[in-house]
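K.L.:
Sequence:
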Amino acid sequence: MYSMKKLETQPGCIEKALQIIGDKWTALILLELSKKDLSFTELENALPNISPRTLSQRFSMLEKEKIISKNQYCQRPIRYKYQITPKGVELFTVLKSMANWGAKYLNN
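Quick note: the sequence shown, position 94, residue 94 per this note's numbering, numbers continuous.
Hints are computed from structural coordinates only; laboratory data are not their basis. Source: prediction; values computed, not measured. Incorrect hints may have been included.
As the list claims (entries may be wrong) - Computed beta-carbon distance windows for the label pairs: (1) Phe-92 <-> Asn-49: 19 to 27 Å; (2) Met-98 <-> Arg-53: 24 to 32 Å; (3) Leu-106 <-> Cys-74: 16 to 24 Å; (4) Gln-19 <-> Asn-100: 20 to 28 Å; (5) Asn-108 <-> Glu-42: 27 to 35 Å; (6) Ile-78 <-> Lys-36: 17 to 25 Å; (7) Arg-76 <-> Ala-99: 33 to 41 Å; (8) Gln-19 <-> Phe-40: 17 to 25 Å; (9) Gln-75 <-> Ile-14: 42 to 50 Å.
Glycine residues also receive a C-beta, built at the ideal position from the N, C-alpha and C atoms.
Could you put the whole structure together from the sequences, leaning on the hints where they help?
P.N.:
In structure tokens, the structure reads:
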């Protein structure tokens, strides 16, 4: 059996990770952005059940945490594409582990 001392290098590590990726939409947004840079509308279309407000909130949080960045690609009207930062790329190992665990127990 694992203890928290073995899972965390210092107290609060798991809590911090969950603050960033601990909700349904954030992991799915990162999954879509792992494929290619996307605009707000493209992400809305890729995740049809997400509300624009929720998507906007997740973008703000992910930008604040420096997990994603936005780059302007059109002057008028101003439009942005969102991309994963190097810090965000490091989350892919966590997401891959989640995907592997989910695949193992998908039908159980």
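K.L.:
For every hint, state whether the structure bears it out.
P.N.:
Results of checking the hints against the structure:
no.	hint	verdict
1	Phe-92 <-> Asn-49: 19 to 27 Å	holds (23 Å)
2	Met-98 <-> Arg-53: 24 to 32 Å	holds (25 Å)
3	Leu-106 <-> Cys-74: 16 to 24 Å	violated (40 Å)
4	Gln-19 <-> Asn-100: 20 to 28 Å	holds (23 Å)
5	Asn-108 <-> Glu-42: 27 to 35 Å	holds (34 Å)
6	Ile-78 <-> Lys-36: 17 to 25 Å	holds (21 Å)
7	Arg-76 <-> Ala-99: 33 to 41 Å	holds (40 Å)
8	Gln-19 <-> Phe-40: 17 to 25 Å	holds (23 Å)
9	Gln-75 <-> Ile-14: 42 to 50 Å	holds (43 Å)
In the structure shown, a violation is registered for the earlier hint numbered 3 alone.
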